[in-house]
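So the protein lines, in turn, are chains A and B. The opening residue of the first sequence carries number 429 in my numbering; numbering runs sequentially from there. The opening residue of the second sequence carries number 39 in my numbering; numbering runs sequentially from there.
Quick caveat, the hints were computed from the structure, so don't treat them as lab data. There's no promise every hint is true.
Straight-line distance between alpha carbons at most 25 Å, and here's what the computed DMTMM-like set of lysine to aspartate or glutamate pairs gives [claimed, not checked]:
id, chain 1, residue 1, chain 2, residue 2
1, A, K535, B, D358
2, A, K535, B, D404
3, B, K399, A, E526
4, A, K618, A, E470
5, A, K618, B, D283
6, A, K535, B, D448
7, B, K399, B, E374
8, A, K618, B, D404
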Amino acid sequence: MRALVAEDHAILRAGLIQLLEAHDIEVVEAVADEPSLVRALERPDIDVAILDVRLPPTGTDEGLRAAVQARRRRPGLPILVLSQYVEQLYARELLASEEGAVGYLLKDRVTNVQQFISSVRQVAAGGTVMDPEVVNQLLRRRGARLAALTPREREVLEHMAHGRSNAAIGDAMSITEKAVGKHIANIFAKLDLPASDDDNRRVLAVLAYLQR
Amino acid sequence: MLAPLPPCVTTGFVAAGDDGGVKWRWQLTLVALVAALLSVVCLVPAVVALLSLPLTVLWVGIPLLIGSTWVGRRLANAYRYGAGLVLGRPVPRPYRTEDQHRGFFVVVRGLLTDEATWRDLLWAGVNATAGLALTALPLVFLALAAAALALPFADLLPLSLPLPASTDDAAWWELALAGLVMAVGLLVAWWYATPHLVRTWAAMVDAMLGPSRTAVLSSRVAALTTSRADSVDSAAQEIRRIERDLHDGVQVRLVSLGMTIGLAEELVASKPDRARQMLAEAQRSVTDTLQDLRRLVHGIHPPVLADRGLVGAVRSLALDLPLDLEVRTSGFGGDESVRLPAPVEACAYFVISEALANIVKHSGADRGEILLELEPGILHGVVRDEGRGGAKVDGGSGLSGMQRRLAAFDGTLTVTSPPGGPTIVTMEVPCEPLSPRTTPSSEPD
Chain A
429 MRALVAEDHA ILRAGLIQLL EAHDIEVVEA VADEPSLVRA LERPDIDVAI LDVRLPPTGT
489 DEGLRAAVQA RRRRPGLPIL VLSQYVEQLY ARELLASEEG AVGYLLKDRV TNVQQFISSV
549 RQVAAGGTVM DPEVVNQLLR RRGARLAALT PREREVLEHM AHGRSNAAIG DAMSITEKAV
609 GKHIANIFAK LDLPASDDDN RRVLAVLAYL QR
Chain B
39 MLAPLPPCVT TGFVAAGDDG GVKWRWQLTL VALVAALLSV VCLVPAVVAL LSLPLTVLWV
99 GIPLLIGSTW VGRRLANAYR YGAGLVLGRP VPRPYRTEDQ HRGFFVVVRG LLTDEATWRD
159 LLWAGVNATA GLALTALPLV FLALAAAALA LPFADLLPLS LPLPASTDDA AWWELALAGL
219 VMAVGLLVAW WYATPHLVRT WAAMVDAMLG PSRTAVLSSR VAALTTSRAD SVDSAAQEIR
279 RIERDLHDGV QVRLVSLGMT IGLAEELVAS KPDRARQMLA EAQRSVTDTL QDLRRLVHGI
339 HPPVLADRGL VGAVRSLALD LPLDLEVRTS GFGGDESVRL PAPVEACAYF VISEALANIV
399 KHSGADRGEI LLELEPGILH GVVRDEGRGG AKVDGGSGLS GMQRRLAAFD GTLTVTSPPG
459 GPTIVTMEVP CEPLSPRTTP SSEPD
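Work out the full structure: start from the sequences and follow the hints.
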């Protein structure tokens, strides 16, 4: 797998490259500012772009803007955005294109190497990965709407919103994949969402529901 | 829905515009009439006050001085009111505010040392001359016009000629025509001169009876001194809080993290399982510390505010809260990219954030509205909810803190919150937008 990395702090950039290459993800280019990122995002040979929200020259949200623009030109281009903080506003903007293949994670998550690498692979494969912080905020805010769900179903919903597959949810909750499927069917029926077998479309439906 | 913001309040009928017609000129003339009549009356308390000055040595002067000043001030206030009507903005009263329950002597000393007392006396003199001339002219025009119209009758009566008999008389018609022409000329003069005369008069009242430049400046200095002291105070408190948070939070966590890693290092050979466990613990501790730091940074200056400016940050805030919030904006440009000076943005953001936090904590409402409106030179912010109301800006509340914070920018905060709601928090801050897409410098991530 070939990755593009955009991060302005040299230490973090080197760390990310080391981390990715240790897990058989080739870093084909590493950039440190917005103009080089915009150019690098045009490369046809990247499977996933991992980028920081804040980049020079102004150090505000260049990375995010570049990501949203790049995906407008190349729909479905897998992009994983890393940030020191999460904002619902940014999550919304990243999810607006509805094609999946997008991730939004706190930089802290890099410290959990296994999970981080699995998130990178998931995004590269067209999945949607949202930081637990984003999802938890949404769940807090929309708590009242989820009153109809049992505690078990809420837990499944939370895992689903994080972008986990049925198998991963089953592992995390120590239940069978079949039981997970049943819970999901119940959730979709209770929240009146269109059922779908596609993992990614399901995640997007749940996130869209929570953001509404 | 929010009611549209009320237009700028004007107290005068001049707000009708300079093209105001007959009615407007009649109103001006009426003001002039009252002013002209009062100008002579004004002389009385002024003369009494002047005469009572030497008499204060004998006790009888003191009540005379107090009484005449009291009357004089009321008359002057009447003038301020009239001039305010003409100018379309109130003419402020410059008098020192006096404490109640003070001795005669203190009151007299207060009166004598108040600059406004002497300016009132000067005004009485100017008013009886220049003021009277300015306000009497429109009346004179009207009176002469009336006299000119009555000219043929007035001319005929003293000659004792019977009126009906003279109606065919050519000379009488000539006279009537001349009178008519004169009356029209005088009315035209009234029409054009009145606004200028009365406005000049009002400007004179404003200049002489309004607060002097010194008074305006010294009250401004007092306000600035207070708001500066508040700003310095709150900045110092803020730094204390940050210092405490870093010291008690982040630093402690890092120390314990160092200890955990050190222990793990020792155990790695003898008890590798225990060492792994400790490293996992260390990792969790790192995540927690980062969380603490994020919270701290957000409290100092929310990153999204630096990224997106006030509108973006408020939208983001609205998405984070467990409320249905509608955010409406105007004047921030099509893509809402118009930026304000960073200190104003931060202040406005924290005020709105506080108002929203109050909705969550106290109002019991589950929805609300935010309006941000940027007009030339001023930013309006309104936060409204349909909750139970009864919010107050008092001593220790967050809102009064916000009021002080706003005062540093000459901003104001008002709260209307009748029991039963709705609660409307309105903020106004003078500010000029920066050019679009000029982002303030900030540390890169």
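Contradicted hints - numbers only = Hints 2, 3, 4, 5, 6, 7 are the ones this structure does not satisfy, whereas the remaining hints hold.
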